[in-house]
Amino acid sequence: MSAHPAPATGAATVGLDVAAIRRDFPVLHQSINGKPLVYLDNAASSQRPRAVIDTIARYYEHDHANVHRGVHTLSQRATDAYEGAREVVRRFINARDTKEVIFVRGTTEAVNLVAQSFARPRLGAGDEILISALEHHANIVPWQMVCEQTGAQLRVIPISRSGEVDFAAFEQLIGPRTRLLALAHVSNALGTIVPVEKFIAVARRHGVPVLLDGAQAIPHSKVDVRALDCDFYCFSGHKMLGPSGIGILYGRQQLLEAMPPWQGGGDMILTVSFEKTTYNQLPWKFEAGTPHISGAIGLAAAIQYLEAVGMERIAAYEGQLLDHATQRLAQIPGLRLIGTAPHKAAVASFVMDNIHPHDIGTILDTEGVAIRTGHHCAMPVMDFFQVPATARASFAFYNTFEEVDRLVAALEHTRQVLG
Amino acid sequence: MDLKDLYRDVIVDHNRNPRNFGKLVPADAHADGHNPLCGDRLSLYVNLDGERIREVKFDGSGCAISVASASLLTEAVKGKTREEVHALFENMHQLLTQQDPEVELGKLGKLAALSGVREFPARVKCASLCWHTLNAALERQTEAHTDVQSKAVSTE
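Chains as they are written, first to last, in my numbering: chain A, 1 to 419; chain B, 1 to 156.
Any given hint could be a false lead.
Under the rule of at most 16 Å between Cα atoms (straight-line distance), these lysine to aspartate or glutamate pairs were calculated in the EDC-like manner [stated by the list, open to error]: (1) A/K35 / B/E55; (2) B/K78 / B/E102; (3) B/K4 / A/E367.
Non-contacting residues of chain B with respect to chain A, defined by C-beta distances greater than 12 Å in every case (computed) [unchecked claim]: (4) V12; (5) D28; (6) N35; (7) P36; (8) D49; (9) G79; (10) N91; (11) P101; (12) K107.
Label-pair restraints from in silico Cβ distances [said to hold, decoys possible]: (13) A/D323 / B/E90: 48 to 56 Å; (14) A/S244 / B/E102: 39 to 47 Å; (15) B/E143 / A/D229: 55 to 63 Å; (16) A/H343 / B/E55: 48 to 56 Å; (17) B/E102 / A/K35: 49 to 57 Å; (18) B/R19 / A/D353: 44 to 52 Å; (19) A/G245 / B/S61: 30 to 38 Å; (20) B/Q94 / A/G289: 44 to 52 Å; (21) A/E402 / B/E90: 30 to 38 Å; (22) A/R205 / B/S61: 17 to 25 Å; (23) A/E61 / B/K110: 41 to 49 Å; (24) B/V10 / A/R161: 34 to 42 Å; (25) A/G419 / B/D49: 48 to 56 Å.
Honestly, the hints are just simulated from the structure, not real lab data. Here a beta-carbon is modelled for each residue, glycine too, at the ideal position from N, C-alpha and C.
Pulled out of the complex, with its shape left as it was, chain B reads as follows (with noise of 0.2 Å):
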């Protein structure tokens, strides 16, 4: 177990200066996650142009890994669909959990920073919790017409 796997230099630049930090108000998408453990909360915010994420913010507090991991988020899926979005989300769960994915890292940009993650699974659902919040974000976006009560993610 290598502090430095999982504290890699562009995960401790995203803590320390997150990019796409704020709100956007008003959003067409907005879901909040919270991750009881450690008492992390982070809001994230989406604007689309039809199927197309067009913006994303986030904010809240957390440490470190899911500060980084939901700044380096904001960078991966600002432009995508959301079949592409969910392809990315399936690649991260498979990266932050699995001891041998099958996933190209090539494919994941400054995203595989975090496949040091793994070797520590207290931490796994710090670096998950935003791709869960950004989730159901969409999927709360989907519904919105049925008026589904916002409920805040919790990763317990």
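Just chain A, same shape as in the assembly (with noise of 0.2 Å):
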């Protein structure tokens, strides 16, 4: 039986309105194979609220112009909304100073600027950065470049069998070589919370800066940088209700005043000759050329409407979904879930004897449920478990039990065709 009944409306205890919610979000309404649409690959990418998209398309209709360059009125308002959206991140994540907030491209941006700018100048042969073996390629990659360019080495810190950061294990990691912890908030392909404070309050004994890949845990829980203590925070638009191709760097004023230029251009100079370049100051010494204007601006739109919704409410939600999907996954015979840590995410990854994930997900779409399949860019993970892929379900505020149940009844279908 199910862990909540699942109520007609879709209501739920919390107090969210989630089918006034879902009135909000106008992809969620439309028939995919005849079947109305159940979108539960959140993790990859989330929906766009009207609110999201009409404030783009206003932009565009009256505002456009480039930033900090014109004296005339839409340059001006554009300047306006731009900052004003960094000054909205900045009270979302409880950042003391707009200075502190970077407009980038994305998580995967935010991580390579630090690796470039903050970590390769100061490493040397001998010289460690740990990651933990749960981390998305975008929180590897980087480090394993910088440390190619510098001769130091990267370090794994391992994990359980139920999708946990192995605590006991990093404090025999952590040491006099490490230079930088970078560890994932929440795992994306396993769901776990990994509790990172405890984390951060061992690196800071040891003097060790600290970076989080926070791109799947911004979408889901309230984020405060400063009770965090971390030195780095990496987010993107894109899960979060807003656009794609925007995301943030959050980084210590001191840290980011001390580091160089990650790539030159217009914008983050102040006087340019042949002879002798200086740059601007904070945030913009990190942001060369023309940015994502529209997408700062969706990003405030998408963090308004989150913040309308309440984060707290929406993380209580989603894990009663989370709750609910478990026990009606934990139900049908051959299913394995892959990430059983007690702290998780609306994220259940999984999979099922004799049927490949490719084609659950097939199946699955044949039903109008999307998840998404695969290694989820964190292929190390896949390894651990020795899978060559699971199926992910995830899920935001604006799904319901009735949808856990669609996606329960497609993979019963899914057995009946290739069981």
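With the hints as a guide, bring the two chains together.
This is the structure:
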């Protein structure tokens, strides 16, 4: 039996009016292969509410010009909206100053920026960078590249069979050679919520700076970078109802001030001559070229939407959805959940006996159910669990208990077709 | 898009009970194929009598489409010459990728069961992986004396 009775209206005990929320998301109201769409691929990319779509349209229809450049009215409006978006982000993550909020393309670019501008000048042969075994490729490959460039070593904190980062092993691995700890806040492939506060406290004692990959955490819970006491926090707009191609690097001001620019070009300079160029101040030092203006403005609209719903309520409701999904999935014969940590975001990764995840994905699609199948850009995680791939259903607060049941029914159908 | 077009009975059967599954050691020709998108991995082993395929086996793991396609391939190419296999490869390529393939389905026998795959563009690479791998094995065997470095075939 299900953990929570599925209420007919889709309303939940935490007081989220999911039916009303769903009306805000135009894309959800369509049929795929003749069946109402059930979108459960939110960890790959979320959908956008009308407020975000309209904000972007309004910007292009009324206010667009280049930022930080013109004295004319439109340029001023665009600049105000762009810098206003930065303030919205600052408040959302509780950074001290907008100087600490850098607009980038996404989490991947944020990590690469830190790898090249912060880590690279500080690294030499024998130095170590510490990551965990559940990282996304975006929090592995940039460090491998900088290790290749500097002769530093990448060290990996192992994970347990349930998908938790091994804290005891971490305490053994961190040491005088460690120059940086780079950790996922939430695992995209497994859903594990990493208790990063514990890891950061230890890193502080060792004087090791900490970068958090927050791509999967920030859409689902309140993130306070000052309370976390991390040095860098990276996330993407498109996983939190915002546009793709925009993301945020939060960095402690003192560290960002000391870092050289990553890319050169317009907007990141104060003066340029062929003899000597002086760089702009934060945050623009790290924003060479015309930025993704509409992306930043759309991201701010997404944040305002999330805040209006309430991050605590979102986290509570998604927790209920996950409990319901976990209970229902466990009843399917031959289904095995990959990632069973006690504290998880609303991600259910699984495999089924004798049915390849790719086939599951295709059959579910014919039932209108969209999930991700594959390695989830976390091939080392697949190797650890000795599976070539998993099927992954990932939930957002606009999903309903009925949709979880549609997923389960579609998986039963999959078993009938191929089991 | 009808699921029954993709997972026809022949395909479900060959997925559950793949034919000619296993290794040939030693083999006259051998190649590994990999589809990074879904993690499918296949190895093909071929023994030849001159120009003619005497024996063919495959192993590895993959989705139902890639396993069934490889199983059907082994049945289809056994006893055929390189030239005949090449013609079959071209026909399969058409069948899987073109909306109105100029292929006589009758000539393809059981392989025709894979014609539904073209309605599922994300799955075409699953069905074609084994064919690319066989091609690589035969080409490599031709160049055997030049000591071509063994490299996995990738659908990417």
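Inset, instruction - Could you check the hint for me, namely that A/H343 and B/E55 are 48 to 56 Å apart, CB to CB? - result: 54 Å, holds
Inset, instruction - Could you let me know if the closest chain A CB is still more than 12 Å away from the CB of B/D49? - result: B/D49 clear of chain A: closest Cβ-Cβ about 35 Å, beyond 12 Å.
Legend entry - Beta-carbon spacing of B/E102 to A/K35 - inside the hinted bounds 49 to 57 Å or not: Since the Cβ atoms of B/E102 and A/K35 sit about 34 Å apart, the hinted range of 49 to 57 Å is violated.
Inset, instruction - Report holds if the minimum CB distance from B/D28 to chain A is greater than 12 Å, and violated otherwise. - result: About 28 Å separates B/D28 from the closest Cβ of chain A, which puts it past 12 Å; holds.
Inset, instruction - Examine each Cβ of chain A, and state whether all of them lie more than 12 Å from the Cβ of B/N35. - result: 9 Å, violated
Inset, instruction - Could you let me know if the closest chain A CB is still more than 12 Å away from the CB of B/G79? - result: Label holds. Min Cβ-Cβ 30 Å, cutoff 12 Å.
Inset, instruction - Sort out whether A/E367 lies within 16 Å of B/K4, counting only the CA atoms. - result: 13 Å, holds
Inset, instruction - Decide if the proposed pair is consistent with the structure: A/K35 and B/E55, CA atoms, cutoff 16 Å inclusive. - result: With a Cα-Cα distance of about 46 Å, the restraint between A/K35 and B/E55 is violated, given a limit of 16 Å.
Inset, instruction - Go ahead and decide if the range 55 to 63 Å is satisfied by the Cβ distance of B/E143 to A/D229. - result: Cβ of B/E143 to Cβ of A/D229: about 60 Å, so the range 55 to 63 Å holds.
Inset, instruction - Indicate whether the distance between the beta carbons of A/R205 and B/S61 respects the range 17 to 25 Å. - result: 45 Å, violated
Inset, instruction - Grab the minimum beta-carbon distance between B/P101 and chain A and tell me whether it stays above 12 Å. - result: 21 Å, holds
Inset, instruction - Can you let me know if the beta-carbon spacing of B/V10 and A/R161 is within 34 to 42 Å? - result: Since the Cβ atoms of B/V10 and A/R161 sit about 39 Å apart, the hinted range of 34 to 42 Å holds.
Violated hints for the displayed structure, listed by number in ascending order: 1, 2, 4, 6, 7, 17, 18, 21, 22, 23, 25.
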